[in-house]
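2 protein chains.
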Amino acid sequence: MDKSSSQSEFEIIRRYFASSNLSFKRDGIELGIGDDAALIDVPENKHLAMSMDVLVSGIHFPADADPALIANRALAVNLSDLAAMAAQPYCFTLGLVLPDSDEIWLQRFSEGLASLARQYNCPLVGGDTSRGPLSISIQVQGLVDRSQAARRSAASSGDKIYVSGNLGDGAVALLALGLDSHLGDSFSFGVQSLSDQDRQYFSDAFFKPQPQLELADAAGKIFSSCIDISDGLQGDLGHILAASSMAATINIDALPYSMPSQRCMDTENRIVAALFGGDDYQLCFTVPGRDCAELERLARDIGVRVSSIGEIVSGEGVVYLDSDGAPVDFSARAYQHFASIQPAC
Amino acid sequence: MDKSSSQSEFEIIRRYFASSNLSFKRDGIELGIGDDAALIDVPENKHLAMSMDVLVSGIHFPADADPALIANRALAVNLSDLAAMAAQPYCFTLGLVLPDSDEIWLQRFSEGLASLARQYNCPLVGGDTSRGPLSISIQVQGLVDRSQAARRSAASSGDKIYVSGNLGDGAVALLALGLDSHLGDSFSFGVQSLSDQDRQYFSDAFFKPQPQLELADAAGKIFSSCIDISDGLQGDLGHILAASSMAATINIDALPYSMPSQRCMDTENRIVAALFGGDDYQLCFTVPGRDCAELERLARDIGVRVSSIGEIVSGEGVVYLDSDGAPVDFSARAYQHFASIQPAC
Chain A
1 MDKSSSQSEF EIIRRYFASS NLSFKRDGIE LGIGDDAALI DVPENKHLAM SMDVLVSGIH
61 FPADADPALI ANRALAVNLS DLAAMAAQPY CFTLGLVLPD SDEIWLQRFS EGLASLARQY
121 NCPLVGGDTS RGPLSISIQV QGLVDRSQAA RRSAASSGDK IYVSGNLGDG AVALLALGLD
181 SHLGDSFSFG VQSLSDQDRQ YFSDAFFKPQ PQLELADAAG KIFSSCIDIS DGLQGDLGHI
241 LAASSMAATI NIDALPYSMP SQRCMDTENR IVAALFGGDD YQLCFTVPGR DCAELERLAR
301 DIGVRVSSIG EIVSGEGVVY LDSDGAPVDF SARAYQHFAS IQPAC
Chain B
1 MDKSSSQSEF EIIRRYFASS NLSFKRDGIE LGIGDDAALI DVPENKHLAM SMDVLVSGIH
61 FPADADPALI ANRALAVNLS DLAAMAAQPY CFTLGLVLPD SDEIWLQRFS EGLASLARQY
121 NCPLVGGDTS RGPLSISIQV QGLVDRSQAA RRSAASSGDK IYVSGNLGDG AVALLALGLD
181 SHLGDSFSFG VQSLSDQDRQ YFSDAFFKPQ PQLELADAAG KIFSSCIDIS DGLQGDLGHI
241 LAASSMAATI NIDALPYSMP SQRCMDTENR IVAALFGGDD YQLCFTVPGR DCAELERLAR
301 DIGVRVSSIG EIVSGEGVVY LDSDGAPVDF SARAYQHFAS IQPAC
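Those protein sequences? They're chains A and B, same order as listed.
Residues 1 to 345 (this note's numbering) are what the first sequence spells out, left to right.
Residues 1 to 345 (this note's numbering) are what the second sequence spells out, left to right.
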């Protein structure tokens, strides 16, 4: 066995994860890596928000991708869940399953984690490593004012429905990176025809999603409900509607797209990608009509695109409206990891 | 694709994990499964303790084992880390990677989790599921009085070293279950000669480790240091010594064994299993001399075996002493997941 695979678990943790660059000190972190459990404090006026995402090699990222980018995505998708609760990052833990202990891979992976952890003042405080097929479990902890957690359950009739950023980039990125898309034949376009610049754009959209923490911090208190739309707008909006016992109308023409996605897809593919594609780490949130001007001002101030795409109404389900206000039918489904339309791994 | 593998992720979570039997309500759990993140409260006089363990099929448990037992072990080994901090269970999250969504497997797995979660009033509050090679990441949260967390770093010269329960059963269980033991040729005995009763005993020791939470709750405040010895006594005691800048003497004759392990092994194998085997979810802790009588009384009251096996001294490293007080040399190593002596998976 070569040197790179003869490192002990303790040595790996010490060299790549217990570094001051990644497991740095932060107020309230009483004890980080190095004991049987981490110990943290939670201020009395705050809830602790916790979310865990598991990323499996070959399914959630290409096995041969840059380890720094894999790390970045693994942490960013978790931070997006905190944003959806209007919680601010506090600390995270890592469960890393590795086929071997490749020094270069570990170094790059650790650097990728450290960079994002530093950016959000969110140190690594513990976890576990093991041999096995490559997968990454991250649990992120956040703090949120007790009265201000943005849940899914309080959307009311008349609230406007907003999304942050652009929709559909995630679905394009999956195709461009050669990962399985659960959309199957319902979504396709000439990946080969992407310009180098656009290809890089979609790669960044995939590996470097921008968790909308700043928006949630600035405006979370006026959201009546909020969700991360990583499973696709239709499915995730459906969770808000179910939790709030409401229905929605969505104006198809109001869905926001990036320039690269407008360049590479026709209208139909763009709508499928936006509504059902998933992998967009954006927020879908509702805002009472009286607060919409304030929301749009706050978003403008921090330079985040928000788009009003529809309205909460009484009833059940979602009605899509075209530019004439006429209903449109869609049969594709929201992203579901175990759905029968998804190819087995 | 058959029906059992066509369930969506949301359906799996709803049917097997969001049940009131497993994701039950508990004071302080403000929000459990069903939003982007769980929300919990932490009383002002408590630290939140967090520990994550990842179990990989074929490495940490036999792939064909009873899913209820796999679930039991996965949660129990995490609870053992809480015991080692003298923290009491609060709630846990689950990252489950599954090759397919087998209903019978999921039902049994969920039942196994629910049983232990109920026993320790420790509900499931969130997590993630994905397709992929079977592995289980659990993060457990616990509460501990701010002044009473049992860390590794405060062992003092003259403190007595104790272990709970019996040593070496975990190493025997690995052999009996056909799992790789990192001890290799340094540990062997006639597995085939185990009686059915003893075989069942070791299977239970493996799948149903008893986290020493009651002992930690009763006596944690008089531990000067504590660690979970799942990586083997020598290695884990070494962590206490390093964190406390101390050395230790261990009396070989004082190591505690179960009757089945005494029946199946000679003395040499027993010592190797006890010191280096790992997979014993017991505590190693230190107690100032003046508190030893109190410790032994508390342990007797709750019916937990504790054994005084040595003493903290100044210096570095561990000296093993035989019954005559003469030093004994051991060359085997503590359990290290990535050590070169461990077969690759």
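Derived by calculation from the structure, the hints in this document are not laboratory data.
Careful, some of the hints might be misleading.
Repeated chains share a single entry, so a pair holds when one copy, or any two copies, can fit it.
As the list claims (entries may be wrong) - As a list, the in silico SDA-like pairs of lysine to any residue whose alpha-carbon atoms are at most 25 Å apart:
id	residue 1	residue 2
1	K221	A65
2	K221	W105
3	K25	D100
4	K25	A242
5	K25	A293
6	K25	T249
7	K208	N45
8	K25	S245
9	K160	L179
10	K25	S147
11	K160	S323
12	K208	Q262
13	K160	D100
14	K160	G58
15	K25	R14
16	K221	Q200
17	K221	Q262
18	K25	L177
19	K160	K221
20	K221	L177
21	K208	R146
22	K221	Q148
23	K25	Q200
24	K25	S186
25	K208	D66
26	K25	A243
27	K221	C292
28	K25	V304
29	K25	D102
Hints and how they fare:
| no. | hint | in the structure |
| --- | --- | --- |
| 1 | K221 to A65 | neither (38 Å within a copy, 48 Å between copies) |
| 2 | K221 to W105 | neither (41 Å within a copy, 42 Å between copies) |
| 3 | K25 to D100 | neither (29 Å within a copy, 41 Å between copies) |
| 4 | K25 to A242 | between (41 Å within a copy, 21 Å between copies) |
| 5 | K25 to A293 | neither (39 Å within a copy, 39 Å between copies) |
| 6 | K25 to T249 | neither (47 Å within a copy, 34 Å between copies) |
| 7 | K208 to N45 | neither (32 Å within a copy, 39 Å between copies) |
| 8 | K25 to S245 | between (43 Å within a copy, 22 Å between copies) |
| 9 | K160 to L179 | neither (34 Å within a copy, 57 Å between copies) |
| 10 | K25 to S147 | between (28 Å within a copy, 20 Å between copies) |
| 11 | K160 to S323 | within (17 Å within a copy, 79 Å between copies) |
| 12 | K208 to Q262 | within (20 Å within a copy, 56 Å between copies) |
| 13 | K160 to D100 | neither (50 Å within a copy, 39 Å between copies) |
| 14 | K160 to G58 | neither (38 Å within a copy, 51 Å between copies) |
| 15 | K25 to R14 | within (16 Å within a copy, 38 Å between copies) |
| 16 | K221 to Q200 | neither (35 Å within a copy, 56 Å between copies) |
| 17 | K221 to Q262 | neither (33 Å within a copy, 64 Å between copies) |
| 18 | K25 to L177 | neither (36 Å within a copy, 42 Å between copies) |
| 19 | K160 to K221 | within (15 Å within a copy, 54 Å between copies) |
| 20 | K221 to L177 | neither (37 Å within a copy, 54 Å between copies) |
| 21 | K208 to R146 | neither (30 Å within a copy, 38 Å between copies) |
| 22 | K221 to Q148 | within (6 Å within a copy, 37 Å between copies) |
| 23 | K25 to Q200 | neither (35 Å within a copy, 46 Å between copies) |
| 24 | K25 to S186 | neither (48 Å within a copy, 41 Å between copies) |
| 25 | K208 to D66 | within (12 Å within a copy, 40 Å between copies) |
| 26 | K25 to A243 | between (38 Å within a copy, 18 Å between copies) |
| 27 | K221 to C292 | within (12 Å within a copy, 54 Å between copies) |
| 28 | K25 to V304 | neither (30 Å within a copy, 38 Å between copies) |
| 29 | K25 to D102 | neither (27 Å within a copy, 43 Å between copies) |
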